[in-house]
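As a plain string of letters, each chain reads:
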Amino acid sequence: MIDWSLVIFTFVKVVVVFACVMLCVAYLTWIERKVIGHIQIRVGPMYAGWHGLLQPIADGIKLFFKEDIIPRNANKFLFILAPTLSIIPALMTFAVIPFGDYTTFFGLLKNPEPMRIAELNVGILYIFALAGLGSYGVVFGGWSANNKYALMGALRGSAQMISYELALTLSVIGVIMISGSLNLVEIVNAQKNVWNVVYQPVAFIMYLICGIAELNRTPFDMPEAESELVAGFHADYSSMKFAMFFMAEYANMITVASLATTLFLGGWHGPFLPPLVWFMIKVFILIFFFIWVRATYPRVRFDQLMKLGWKVMVPIALANIFVTGLVMMLLN
Amino acid sequence: MIKPLVKGLWITLKYFFSKPITVHYPEEKVGSFPRYRGLHIIGRKPDGSIKCVACGLCEAICPAKAIKIEIGELEDGMRYPKTYILDGWRCIFCGLCQEVCPVNAIVLTPQYENAAYKKEELILDRDTLLKRGDEVKI
Ligand code: SF4
Ligand code: SF4
Chain V
1 MIDWSLVIFT FVKVVVVFAC VMLCVAYLTW IERKVIGHIQ IRVGPMYAGW HGLLQPIADG
61 IKLFFKEDII PRNANKFLFI LAPTLSIIPA LMTFAVIPFG DYTTFFGLLK NPEPMRIAEL
121 NVGILYIFAL AGLGSYGVVF GGWSANNKYA LMGALRGSAQ MISYELALTL SVIGVIMISG
181 SLNLVEIVNA QKNVWNVVYQ PVAFIMYLIC GIAELNRTPF DMPEAESELV AGFHADYSSM
241 KFAMFFMAEY ANMITVASLA TTLFLGGWHG PFLPPLVWFM IKVFILIFFF IWVRATYPRV
301 RFDQLMKLGW KVMVPIALAN IFVTGLVMML LN
Chain G
1 MIKPLVKGLW ITLKYFFSKP ITVHYPEEKV GSFPRYRGLH IIGRKPDGSI KCVACGLCEA
61 ICPAKAIKIE IGELEDGMRY PKTYILDGWR CIFCGLCQEV CPVNAIVLTP QYENAAYKKE
121 ELILDRDTLL KRGDEVKI
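First to last, the protein sequences are chains V and G.
Counted from 1, the first sequence has number 242 at position 242 by the working numbering; the numbering is strictly sequential.
Counted from 1, the second sequence has number 99 at position 99 by the working numbering; the numbering is strictly sequential.
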């Protein structure tokens, strides 16, 4: 017996979350351009709408009407598959992110409804699995175009993903040990009084660094590296395929920020304001941080990147797990 | 290693809160400096006729070969340019024509907004240059 109301409700939630995420992705480009502009004492987009507010829409329309080029020597199937492969996992991760506690929408609903699409008891694993899947988009995109720059970008991308995904996952293990669950909602509930960042400051910083590396953003934007590799793995993409890579990047940015909020910053917990607002404030601050970092640091060299990953991040993460375990054992 | 990283972040944050120095160009203008070399004019004599005596020096010196003159002569033996074509597209605004002109007829102006939609708009003949002389402030 299927509970139809549940099905409909979930569907509505999926649509709402999808729309909000797409809107956020579009406006993240605007925020990014504005913030970077102001950091460089410029003003950023100014003319499309009030202070350039319609810029993302104008960009979207422009990209829709661009010619969609597929290089003659490209592997057509993989070339088309790659952008899809990077955007779908990026959007699917939002299924398990808990945006807030139970809500009745100001008394509109009889039974309080949880503010998340699904409550998976292996939420973190699900997100990391999808993040791993997303890197295939980069690899296929770079390989299928049959272009040496793109191939170099893809190679660097895959090497970077492997080394940083490891450190990223290891940095989260401390949190999982403390809260004793892989379920994101339970992790948030465990932080009701004290945020995990207090217990796990090292893990938090490592998570941010590895998160930026995972996102392929400056200073770790090796797969794109426009000064050396033209545009890296998406050098041959145009039109909406290019836009899909970009949307995936920004959606991933929201994912990494939301996950950091959930794991380290107490999720939706916070005084006075409604849970959803708290969640959004925290996510926004983290996203601002990512943009800020991008505007500040130059790109690191590739060998330095690998060195940082394997010789610094992974050992620190392992040490962090060890110390966490030791302290937990001593306290109990 | 950490200190310079934090310092960098601090500097960018400081700039984030400082006032942008952008000039919103079509609405606000910086203007050009007095000695800027922009699009030319040709001046008039006090009696209103063209100053140029068609000596051909500007045509000869122009490194971009932007000037073409056809020489005409009045009854009293005075030379004047029958046609005077200045190709604003070819011109590199070196200012040599102004420097070489014995009667200070051709002068570069500080006018800097010289973009045009059509090439023809920047090919200036004698009368256009004279008219510009009446209009453009030097
Ligand atoms: S400014 Fe220089 S290039 Fe231009 S017309 Fe005069 S001499 Fe020729
Ligand atoms: S503009 Fe001056 S230099 Fe050129 S032809 Fe006339 S008088 Fe001679």
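If you are wondering where the hints come from, they were derived from the structure by calculation, not from laboratory data.
There could be a bad hint or two in this list.
The calculated SDA-like cross-link candidates involving lysine to any residue, where the alpha carbons are at most 20 Å apart (straight line), are [what the hints assert, rightly or not]:
| hint | chain 1 | residue 1 | chain 2 | residue 2 |
| --- | --- | --- | --- | --- |
| 1 | V | 307 | V | 163 |
| 2 | G | 29 | V | 41 |
| 3 | G | 19 | V | 40 |
| 4 | G | 45 | G | 98 |
| 5 | G | 7 | V | 92 |
| 6 | V | 76 | V | 243 |
| 7 | G | 65 | G | 38 |
| 8 | V | 62 | V | 48 |
| 9 | V | 307 | V | 202 |
| 10 | V | 192 | V | 92 |
| 11 | G | 68 | G | 3 |
| 12 | G | 7 | V | 48 |
| 13 | G | 3 | V | 41 |
| 14 | V | 307 | G | 68 |
| 15 | G | 3 | V | 77 |
| 16 | G | 14 | V | 182 |
| 17 | V | 62 | V | 23 |
| 18 | G | 19 | V | 20 |
| 19 | V | 62 | V | 300 |
| 20 | G | 3 | V | 293 |
| 21 | G | 19 | V | 76 |
| 22 | G | 3 | V | 76 |
| 23 | V | 13 | V | 76 |
| 24 | G | 14 | V | 297 |
| 25 | G | 19 | V | 37 |
| 26 | G | 7 | V | 307 |
These stretches of chain G come out as covered by chain V in the derived footprint (C-beta under 8 Å, 3 or more residues) [said to hold, decoys possible]:
| hint | stretch |
| --- | --- |
| 27 | 2-16 |
| 28 | 75-83 |
Predicted model only: the values in this text are computed from it and were never measured.
Glycine included, C-beta positions come from ideal geometry on N, C-alpha and C.
Going down the list of hints, with the structure as the test:
{"no.": "1", "hint": "V/307 x V/163", "verdict": "10 Å, holds"}
{"no.": "2", "hint": "G/29 x V/41", "verdict": "18 Å, holds"}
{"no.": "3", "hint": "G/19 x V/40", "verdict": "10 Å, holds"}
{"no.": "4", "hint": "G/45 x G/98", "verdict": "16 Å, holds"}
{"no.": "5", "hint": "G/7 x V/92", "verdict": "37 Å, violated"}
{"no.": "6", "hint": "V/76 x V/243", "verdict": "18 Å, holds"}
{"no.": "7", "hint": "G/65 x G/38", "verdict": "17 Å, holds"}
{"no.": "8", "hint": "V/62 x V/48", "verdict": "13 Å, holds"}
{"no.": "9", "hint": "V/307 x V/202", "verdict": "19 Å, holds"}
{"no.": "10", "hint": "V/192 x V/92", "verdict": "27 Å, violated"}
{"no.": "11", "hint": "G/68 x G/3", "verdict": "65 Å, violated"}
{"no.": "12", "hint": "G/7 x V/48", "verdict": "35 Å, violated"}
{"no.": "13", "hint": "G/3 x V/41", "verdict": "24 Å, violated"}
{"no.": "14", "hint": "V/307 x G/68", "verdict": "66 Å, violated"}
{"no.": "15", "hint": "G/3 x V/77", "verdict": "48 Å, violated"}
{"no.": "16", "hint": "G/14 x V/182", "verdict": "40 Å, violated"}
{"no.": "17", "hint": "V/62 x V/23", "verdict": "17 Å, holds"}
{"no.": "18", "hint": "G/19 x V/20", "verdict": "32 Å, violated"}
{"no.": "19", "hint": "V/62 x V/300", "verdict": "33 Å, violated"}
{"no.": "20", "hint": "G/3 x V/293", "verdict": "15 Å, holds"}
{"no.": "21", "hint": "G/19 x V/76", "verdict": "49 Å, violated"}
{"no.": "22", "hint": "G/3 x V/76", "verdict": "48 Å, violated"}
{"no.": "23", "hint": "V/13 x V/76", "verdict": "35 Å, violated"}
{"no.": "24", "hint": "G/14 x V/297", "verdict": "15 Å, holds"}
{"no.": "25", "hint": "G/19 x V/37", "verdict": "11 Å, holds"}
{"no.": "26", "hint": "G/7 x V/307", "verdict": "23 Å, violated"}
{"no.": "27", "hint": "2-16", "verdict": "holds (count 8)"}
{"no.": "28", "hint": "75-83", "verdict": "violated (count 0)"}
The structure fails hints 5, 10, 11, 12, 13, 14, 15, 16, 18, 19, 21, 22, 23, 26 and 28 (numbered hints given earlier, in ascending order).
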